[in-house]
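There are 2 protein chains.
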Amino acid sequence: MCDHLKKLFQSCPVPKDGLMNVHLIAHTHDDVGWLKTVDQYYYGDRNSIQQVGVQYIIDSVVAELPKDPSRRFIYVETAYFRQWWDKQNQETREKVEALVESGQLEFISGGWAMHDEAVTHYQSIIDQFTWGFKILDDMFNTSCVRPKIGWQIDPFGHARETASIMAMMGFDGLFFARLDQADKNNRFDKKELELVWKASANHGAASYMFTSANHDFYYPPSGFCFDVLCFDEPIIDDLYSPDYNVDRRVDSFISYIEKQSAFMKTNNILVTMGTDFSYQQASYWYNNLDRLIKYTNERQAEGGQLNLMYSTPSCYLKAVHDAGQEWTSKEDDFFPYSSDDYSYWTGYFTSRPTLKFMERKGNNFLQVCKQLSVLADLREEKWEDLASLREAMGIMQHHDAITGTEKQHVAEDYALRLHRSMEHCRQTAENALNKLTVKEGSAEVQFHSCLFTNVSQCDTSEQAEKFVVTLYNPLAQVTSMFVRLPVQDFQYQVRNELGDLIDTQMLKIPTPVQNMPGRESSATQELVFQAENLPALGFKSYRVEKLNTASPPPQPSEELVIANDVIEVTFDADLKRLSSVKDIAADKTYAVSQDFQYYEAVEGDNLGADRRASGAYIFRPVNNQKIPVSGSPPIIETYSGELVSEIHQVWNEWVSSVTRIYKGVNHVELEWTVGPIPIDDDTGKEVINLVSLSGWETNGKFYTDSNGREILERNRDLRPTWDFDPSFEPVAGNYYPITTSISIRNHAANSQNEEFVIITDRAQGGSSIENGTLEVMLHRRLLFDDDKGVGEPLNEIAFGEGLVARGKQILLFGQTEAHPTSIYKTRRLVRDSMVLAPWLFVTPTDLTPTQWGEQYNTLYTGLRKEVPPNVNLLTLEPWNGEGMLVRVEHFLEKNDDPELSQPINVPLMGLIDRINEEMAIGETILGANQWLSDNVRLEFKIEGEESASQQLPRPDPNEDLANLTLNPMQIRTFIVQTRSSATMAAPCFILLLALAILRINI
Amino acid sequence: MCDHLKKLFQSCPVPKDGLMNVHLIAHTHDDVGWLKTVDQYYYGDRNSIQQVGVQYIIDSVVAELPKDPSRRFIYVETAYFRQWWDKQNQETREKVEALVESGQLEFISGGWAMHDEAVTHYQSIIDQFTWGFKILDDMFNTSCVRPKIGWQIDPFGHARETASIMAMMGFDGLFFARLDQADKNNRFDKKELELVWKASANHGAASYMFTSANHDFYYPPSGFCFDVLCFDEPIIDDLYSPDYNVDRRVDSFISYIEKQSAFMKTNNILVTMGTDFSYQQASYWYNNLDRLIKYTNERQAEGGQLNLMYSTPSCYLKAVHDAGQEWTSKEDDFFPYSSDDYSYWTGYFTSRPTLKFMERKGNNFLQVCKQLSVLADLREEKWEDLASLREAMGIMQHHDAITGTEKQHVAEDYALRLHRSMEHCRQTAENALNKLTVKEGSAEVQFHSCLFTNVSQCDTSEQAEKFVVTLYNPLAQVTSMFVRLPVQDFQYQVRNELGDLIDTQMLKIPTPVQNMPGRESSATQELVFQAENLPALGFKSYRVEKLNTASPPPQPSEELVIANDVIEVTFDADLKRLSSVKDIAADKTYAVSQDFQYYEAVEGDNLGADRRASGAYIFRPVNNQKIPVSGSPPIIETYSGELVSEIHQVWNEWVSSVTRIYKGVNHVELEWTVGPIPIDDDTGKEVINLVSLSGWETNGKFYTDSNGREILERNRDLRPTWDFDPSFEPVAGNYYPITTSISIRNHAANSQNEEFVIITDRAQGGSSIENGTLEVMLHRRLLFDDDKGVGEPLNEIAFGEGLVARGKQILLFGQTEAHPTSIYKTRRLVRDSMVLAPWLFVTPTDLTPTQWGEQYNTLYTGLRKEVPPNVNLLTLEPWNGEGMLVRVEHFLEKNDDPELSQPINVPLMGLIDRINEEMAIGETILGANQWLSDNVRLEFKIEGEESASQQLPRPDPNEDLANLTLNPMQIRTFIVQTRSSATMAAPCFILLLALAILRINI
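Residue numbers (our numbering), protein chains in the order written: chain A, 27 to 1028; chain B, 27 to 1028.
Think of the hints as simulated: they come from the structure by calculation, not from any bench.
There could be a bad hint or two in this list.
Identical chains blur together in the list; that is why a pair holds if it fits in one copy or across any two.
As the list claims (entries may be wrong) - Below, in silico cross-link-like pairs of lysine to any residue (SDA-like), each with a Cα-Cα straight-line distance of 25 Å or less:
#	residue 1	residue 2
1	121	94
2	727	540
3	291	94
4	93	126
5	285	885
Turn these sequences into a full structure, and let the hints steer you where they fit.
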């Protein structure tokens, strides 16, 4: 039996009763890119920026640990550890295995990187953890290395959903450091730095997460940093040395601990002994910690109250757990984070908008490639197949990657890595699509991706005379989409999968987009057609053919209304701006205005809290004042058509937009283009989209999603658990992260539960600063660094100019409790149509439509059973050779919808061909690294509450795999393996898998 | 058999024919103090000065070497290695032993520190090597670690005597880096960076030393420094990395090596891969060197000409040796060192004069304590006994210690260490003296040292009413001295060892000395008496008693002549300065003048060679102009007496002196007091003693000693082996180091081989800038750093003011070839009377002289046989428990004196009681770490010369140990052990010792 839990705790140092037990945590915080790129950090390149080489950290720690079995170390970032491991010989690997086995080296968190919590999507968070865990399992053949501790000691605020995910991964506790300074001070006073976080509104006690906030970030006590890059005084115990200092140093350490101990509820205190990229020369640390422990503990003989020991967060947690204390709890999250009254880390919710978008597309494509690999039964062979993009996406989740808080050259490296990996993924998809499309005897073809359609650029569609568009739908339900392809100024014919001609429409590419710096396209028009009923987990192929008839760009009208059967959008004649939206079916008209405005960024030298600059991390607007991007009405052009109607607005030289509605779709799409933000006035600017609902009573409340999942209520100028003083930063202090949506509700008596939602195509920051309004920050260009480490102003330059960003927001109007047109389902579907959009492949061909149809499949679905509309197929990917990993998810919360929020049944057995009776199927915890039935979590008592089991819901061994039950918001994770290959899994799995097979067979 | 040599070379990498073999030398250069103190370096304290912790370097290297058996490392400074070793557990020690055994870790040089070569005395050089070697032998029980390579890669110029010592230690070769830049460039051109150095005028080919000058100091090729503190680009071989750079990096390395290879005579090149305190994180280095080797050698398959390999200087030397090349040779030394036309490193010959003096006293006392430990048969038990001062003195030899090129706080630490260790030594001496003096039943007494007699301060003599003065004479011959003790203004009686009253004289302590900052004494007078016939290796006791009669300070006269039976010294009536010295016995009068002058120091920002400042290392006078310290004649006071006559001169507020002659002594003592050197004119000053011999024709020639041993001829404005351009720095470029003496000869036809010698009490710099003159620099105070690393101007502050220094020079007049009053013997004897002066101990007592004589021995000699006058007992110290180490030395050169320069016989057996037939006696090489008969040196051919054996002279197995033969300048080294304890020696010794015993028994 793989009793990791027991073994781990057995190896823990034993706290002493009657003394304060000081758990010294030897750790290094290894950013997966920040001031240097990932490889610059790993290899120690560009040390003039930062004297860091991660490979040497691991070398060094591995060399030092064996010297004393009491020494401990924790490692977090699997990306780096894997990179190191790959280069080690067998001898070193065995040495490391022994260290893991003995508990001296413990992996905690264990994701690919230490993910950011504000701007990340839960699908990618889960992916990055899962891949980290899998690599750990693959590395350590003889030992169980399941991380059981969340270690988020640097991310800039903390999402409730992350805590919930960690609970689902079976974690016992979560440690972090950055919470609002006022909150933290309050918690110091009340001994509430440790608490139980109720991490889900849906999962009950199973999602409770014991949470511990570090006293001093993740740093060692002042004066006790022992590393080659620290400057603190070592402990010199040579009695003959002129520099002997043991007594003075021990006194100083004791004095610090005694002060901090006053804030603790138990007789245990965790002291982080490490910092950024620390332990480059681990013997610096261990030599001195050895001495610190020895000489401090020697004081016990003369009444000393401290008991120092090397420990780990797990061991600390166990000691705290065993103390049997009761804890307070909380239900909200830890956003936004402020480090002082003027420093709200809410700028990074939006920083580097194009990188944030690219990351979202990376996830979209990764899911497509994973699914296609399974459906086409590609056996994993090469790193390039899927791992490349898995890992690039894992890196992107890092709290200095997707956040935009890295240096410019590092951002470019992230983009390059992601781009290269997407090319690997495309190759995988092409292989899969060839397997799925090519009929016997036909030639394989190329499947191009058009990665630049967001700037209306696609080489293949622009150059080819004839081409096939294959649209793969990664959703578990049938979907539709409107395809937009930049083309030449000619007429085009489009035929569907049956060879039938379908409707098309030509649209003008807005002039500002045509002229975007770096756009390598001469296309002025886009061809639009509707791809209807794209099969679940499947594709349809459309054939496009250029005709010999020129098609001059459509001429705009000056109409102020665009409409279709379901929606009507009206612009104001004077202002040339949106004035109302009418839901025709509901016969409701919303008086709504939209504007682009900006904040001027505070300049600052950061030499005092009130001299803080707005920067990559921090948002700090001058006078909290919004300024319209233009003092006069925008220039508008209106294009109406059968498939789509659009009003183009040019607001000024650097802001333009398109407001559009598609046939049959009852929401509004707002496509914005911002940049280059001008700085010739030497002022940084932060641009928002401001939408106002006339007459709505919102009472300061608004709603944002947590990592794209559960929705949290926000109250302007209010924090649920402490007195918040909004007077310092009334705007920045009210900004919250938006992963996919932000909304307001009309609380007026006659409001009929109206809700207005903005769904975003990337993570952004937003708020409702005035009642009835929503604002979402789109883009930022800044001239000062905010002194939080990155050391550069966020002044993105691309193609020699300030960066231009283009994106979409969906404006959705509906009613919260009106069934069946509940806005909940709609917002989820719209959200997923962006997160998991159909992926477009383009194949130039000379074949006639008939020939193509004879030689290639034009329609395919991998799904063999229908999946209910409220279920998401969160994961379908190859796993351990011929196996696969499957996650199904109920995507509504329990109170969202009277009907759809009910528990629902979903088929697993037979869902796709390869999930069949031949396979061994076992349910795991969310991270896929332990059988669910084996998981045991430590439970913590909450003050004044009855105990409820905090264990994950156990699977019913008799459950029908063809009819699984899913509760609201539940994600269930399964490993599906061929029975023969089960023995090929990691040893840690073998036994359990054998048991699982047995169980399944019974 | 302990076949270290064979084993070592067997483990060497094998060079490839037809390729350039690149020997990569992984090394660290660990200054034993410089910018930080020894312990600050060792422990990594004060890292804000320099990010260094030596313990971590060794930790790290020891961790990295085992990962690949081809990896190599050399370590040099035994002081640090021992400090580290003491803290390691058995497991680590065994690991290190295996590394030494396999040749992966090689100790080279192996002294306690990397000694300076200009300002060190050969006795201390030999001591510091011997102690380093012994500690190495003690550490490595199972392996032979005899260093066989001189590795002097940082010292600032190179002494011939050091090379000679290394030859006597059986070294095979010497590597260094700093030679005059013009010399070096010349040698590059002529492929003569490698040569055979004829290191002695007396020892013939046995002293030949193969010498190799590194191309680029001890640094790695530019761009290839791989350490946590370097900023060079690592080799990134991950093909998927955006930063992949193998091809570019390998190209760059090959290009460098190909350029350097052009300067080599063989197909081997040594490339130093390390730098100051490098390998703090050894995996930085090894990871990258592994890759560099791998990818460069892969080029061989496609015609690449380089063969990279980890190597050591020994292995490199072996490969060069095996190439069978012939080499050029040279006979002079490598002083002075210039790093550019304006940067002559001749300032440090004098920098920190008080530290240099203290070091010399430290050696004096160390020899006393060693001898007393043997004579009293103290068995070594504690570190404090002798090791403390051995090690402090070892540290002092370091090329940033005695040189004065360390930071001020480091200089203070050196002084503190030396002071503390001298107190340990005093305790040892006290123990020994009690054993030797106390008669049965009497109480032990205290033996105080008066360490401040150089500033006329001694608490005991000033405070005690009655006290005994014990004078221990460490010479092997009887000697005499004049004792000077600061006392109260009373009359004193002094009785000799027989209780007889002897003559005394009271002398005024010069007013400037009385008022010296920091002098803690109210004494205004010194009591002088002559201690005659102090026994060899023995002591006499004198009893001093204060009488109740006041003794007001003697009143000076204004006489201009002082004289005794043998010498007459005359001062000029106008100038009040020395004008002539008459040797009465020889009836010769020397017209001689003496003055104190100074150079103004060049200010500079070091931003170009001609903007170099005069600093701790570099001497750079303004306009090469000497300026008298005073424009008017000094104030003089003359004191004549029976024992001593003196003329006190006060030259100005900060320079004073005493010119004195002692009864029966025919040389002049000049006691100088300089400081605080004023800087209120913002100008640094460098003060010299300038002595001019009127009418002497010296032809630009002068003579200085090399490390206190052989004398080298210097020629102003000339270098023997290359064209020297003196125009840039005609003064600084002609300065040479004086360890103990500098002299000029009168080459005039009628000169009768006159020679004038200045013997110094410490190392100083000096020259003969004008014919007939000698100048010796006494003290320097500077306001600018010379940018050679120390980062501080040499502006010594003590007691709140500029440092005052006081010292002595002996002015000696004689004839070079006139027997029997040859100046050679005299200069050696005078020199030794300063280097190994009788040590003064003071014991307060209430006993009457008779009582003292009844209870304590007042006369003792440890020597049982007479030692000839030209023989020095260089070493007598405890060794391995009850054993001892003995060195005897012929101290004249072969042409010094017709009679005394002959080979001579000296007794070893029976020399002292404990060297008797009960003991096993074996002769070793100079370092006492190998039996002489086992030593084999690599021999190198010299162009155009017949081969002569370069082996050390083998001992005659039939030689009579009671009558050893010593050739001129020969030092012979013996280990004397009790036969029973022989087996307790280090294993490496056991076998050989057994053999040695056998041999001796035959």
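Each hint tested on the structure:
1. 121 / 94: Classified as both; 14 Å inside a copy, 15 Å across copies.
2. 727 / 540: neither (40 Å within a copy, 87 Å between copies)
3. 291 / 94: neither (31 Å within a copy, 50 Å between copies)
4. 93 / 126: Classified as both: same-chain Cα gap 15 Å, cross-chain 20 Å, threshold 25 Å.
5. 285 / 885: Result: close neither inside a copy nor across copies, 69 Å intra and 66 Å inter.
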